[in-house]
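Could you build all of it, start to finish, from the sequences and the hints given here?
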Amino acid sequence: MTYDPGPDVVEVVRGPSPGGLGGAYRAFGETLRGLKTTMSRVVEGPTTIQYPEEKVAVYPRFRGRHRLHRFEDTGLEKCVGCSLCAAACPADCIRVVAAENTPDHRVSAGERYAAVYEINLSRCIFCGYCEVACPFDAITMGHDFEMSDYHRSDLIFTKEMLLAEPLERAPLRAEGE
Amino acid sequence: MTTVYAEVGFYEPVWIQILKALVIFAVGLQIVPIVLLAERKLLGRFQNRYGPNRVGPFGAMQPLADIGKLLWKEEFRPRTSIQFLFVLAPIISIITATATLAAVPFGNVVDIFGEPVGLYGVDLNIGILYVFAFGAIAFYGIVLGGWASGSKYSFLGAMRGAAQLISYEVAGGLAVVGVVMMAGTLSLTEIVEAQAADGLWFVIPQFVGFLVFLTAGFAETNRAPFDLPEADAELVGGYNTEYGGGGFATYFMAEYLNIVVISAITATLFLGGWLLPFGIDPPTWVDPLVVIAKIGALSFFFIWIRATLPRLRYDQLMSFGWKILLPLATINTLVTAILVVVW
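Protein sequence lines correspond, in order, to chains W and R.
For the first sequence, my numbering begins at 1 and goes up steadily by one.
For the second sequence, my numbering begins at 178 and goes up steadily by one.
To be clear, the hints were calculated from the coordinates, so they are not data collected in a lab.
Quick reminder that beta carbons are idealized off the backbone N, C-alpha and C, glycines included.
Hints may contain errors.
[Stated by the list, open to error] Listed next, with one range per pair, are the computed distances between beta-carbon atoms:
(1) TYR59/W / SER496/R: 23 to 33 Å
(2) ILE49/W / PHE202/R: 19 to 29 Å
(3) THR31/W / PRO190/R: 27 to 37 Å
(4) ILE49/W / ALA514/R: 54 to 64 Å
(5) PRO454/R / LEU21/W: 29 to 39 Å
(6) ILE457/R / VAL43/W: 23 to 33 Å
(7) LEU206/R / GLY23/W: 37 to 47 Å
(8) GLU54/W / ILE508/R: 29 to 39 Å
(9) VAL12/W / TYR491/R: 41 to 51 Å
(10) PRO504/R / THR31/W: 13 to 23 Å
(11) TYR51/W / MET358/R: 55 to 65 Å
(12) PRO504/R / ALA57/W: 58 to 68 Å
Written out as structure tokens, the structure is:
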């Protein structure tokens with residue numbers, strides 16, 4: 001007795017097999033359909049973003065080049081030279097040398113400040129752990145992503161460069177965009 | 178003493194013939210970079226992108242940049258190649274393409290400086306045969322180029338080119354027979370005249386012939402979907418794999434000139450040459466512009482097809498040529514013959 005698979009069997013609907021005059025006729029029709037498809041691409045117009053002139057806006061949480069911050073009211077640096085960012089960095093690209101603040105020479109709000117703060121952007125993997133590790137929100141990931149340069153040494157960003165405003169701001173997406 | 182190069186109703190002075198040759202050569206070759214640019218721009222549009230738009234306004238200088246780059250490159254020749262044939266092959270390609278241009282009629286006889294001048298290179302009484310003869314010789318350019326390169330890819334491309342020629346030249350030739358029977362002449366000018374007399378372009382009564390001829394034209398110009406002699410995906414570059422610099426530029430130019438020529442021949446045979454539809458009879462100076470507009474429209478169609486259809490497999494190419502196109506062309510010829518006799 002043969003096995004009866006019951007209603008589980010799905011009837012397969014096959015298209016007509018190619019070949020013969022009918023096949024040639026169908027191929028002609030399909031060619032016309034294809035021509036219509038490609039022409040509708042022309043009507044749609046290009047979707048290219050002409051990069052150097054047009055830029056894609058980044059999202060607010062985009063992790064671009066780092067920035068160091070100052071307090072807006074006092075102008076003192078937020079960074080206290082604790083080196084937690086350097087410890088958190090998986091690529092080991094942050095170098096912090098701390099120094100004591102004195103009453104005559106007060107740079108940051110805390111006890112110490114970062115005398116040297118360098119990020120080697122040719123090693124940075126833009127993971128954002130430094131931002132997470134920072135107890136004072138002194139370092140954040142900015143929105144800059146155009147950082148190519150001709151020399152590796154130019155990619156070692158110093159504290160002054162990180163504190164400064166970026167020369168050209170990356171466009172930011174509007175709310176809900 | 179006049180030398181009769183071709184049987185025409187009159188013999189133009191030599192200086193007019195030379196002038197005509199120069200003008201047709203100049204105009205014909207000016208269409209090539211335009212088609213080249215149009216192809217790249219349109220292929221872009223067909224794929225939702227812009228195409229070249231960096232060199233010059235709207236990328237208009239792109240063909241110049243392409244050709245300039247190629248001409249500045251070193252002429253490289255593989256050690257296994259045969260120098261004489263390797264150099265000769267692209268030259269054959271470009272010469273045959275240019276020679277076919279001579280038979281394309283851009284208009285009827287007009288008066289220039291008091292001399293009756295035909296707006297064509299030559300009005301041969303065997304016009305179509307001339308076109309087909311040079312179309313066949315053009316394949317020597319491909320076959321010799323591929324063979325003389327001494328490389329496997331080139332050789333494969335050349336062999337495919339030869340096989341493709343045999344398959345499609347037959348069907349294309351048979352498709353034209355219908356037009357020849359309806360017009361009662363082989364001369365391209367008189368074929369256009371016949372379409373004017375009937376007031377009906379041959380594309381309507383000879384629609385099947387038109388389709389077959391156009392398909393054969395795609396095969397003859399090695400354009401997608403019949404670009405098997407080149408087949409960049411499988412054969413690197415096919416017959417032109419080993420060519421670089423000037424040789425490649427020549428092949429490149431011959432390919433686009435072939436598109437222009439096949440478009441022009443199709444326009445002449447089926448689309449009424451310099452005629453305008455609906456009985457519009459413009460002054461004679463419009464005629465060449467009408468022909469050029471029709472060439473442009475057909476070239477656009479060539480590019481459109483290239484953007485749409487994938488390359489045929491080799492056996493599909495063969496079976497399509499022999500099993501579908503050839504019977505269609507034969508039936509078309511038979512039916513036309515019967516109708517021409519009965520009418």
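Hints and how they fare:
At roughly 54 Å, the beta-carbon separation of TYR59/W and SER496/R lies outside the given 23 to 33 Å, and the hint is violated. Restraint check, ILE49/W to PHE202/R: a C-beta distance of roughly 43 Å breaks the suggested window 19 to 29 Å. Range check, THR31/W to PRO190/R: Cβ separation about 49 Å, and the 27 to 37 Å hint is violated. Our hint of 54 to 64 Å for ILE49/W and ALA514/R holds, since their Cβ atoms are close to 59 Å apart.
A C-beta distance of roughly 32 Å is found between PRO454/R and LEU21/W, which places it inside the suggested range of 29 to 39 Å. In this structure the supplied range 23 to 33 Å holds for ILE457/R paired with VAL43/W, their Cβ-Cβ distance being about 29 Å. Look at LEU206/R against GLY23/W: about 41 Å separates their beta carbons, and that is inside 37 to 47 Å. Taking 29 to 39 Å as the suggested C-beta distance range, the pair GLU54/W and ILE508/R does not conform, at roughly 55 Å.
Range check, VAL12/W to TYR491/R: about 30 Å between beta-carbon atoms, so the 41 to 51 Å window is missed. Take PRO504/R and THR31/W: their Cβ atoms lie about 19 Å apart, and the range 13 to 23 Å holds. Checked against the hint of 55 to 65 Å, the C-beta distance between TYR51/W and MET358/R comes to roughly 58 Å, which is consistent with it. At roughly 59 Å, the beta-carbon separation of PRO504/R and ALA57/W lies within the given 58 to 68 Å, and the hint holds.
Hints 1, 2, 3, 8, 9 from the earlier list are contradicted by this structure; the remaining hints agree with it.
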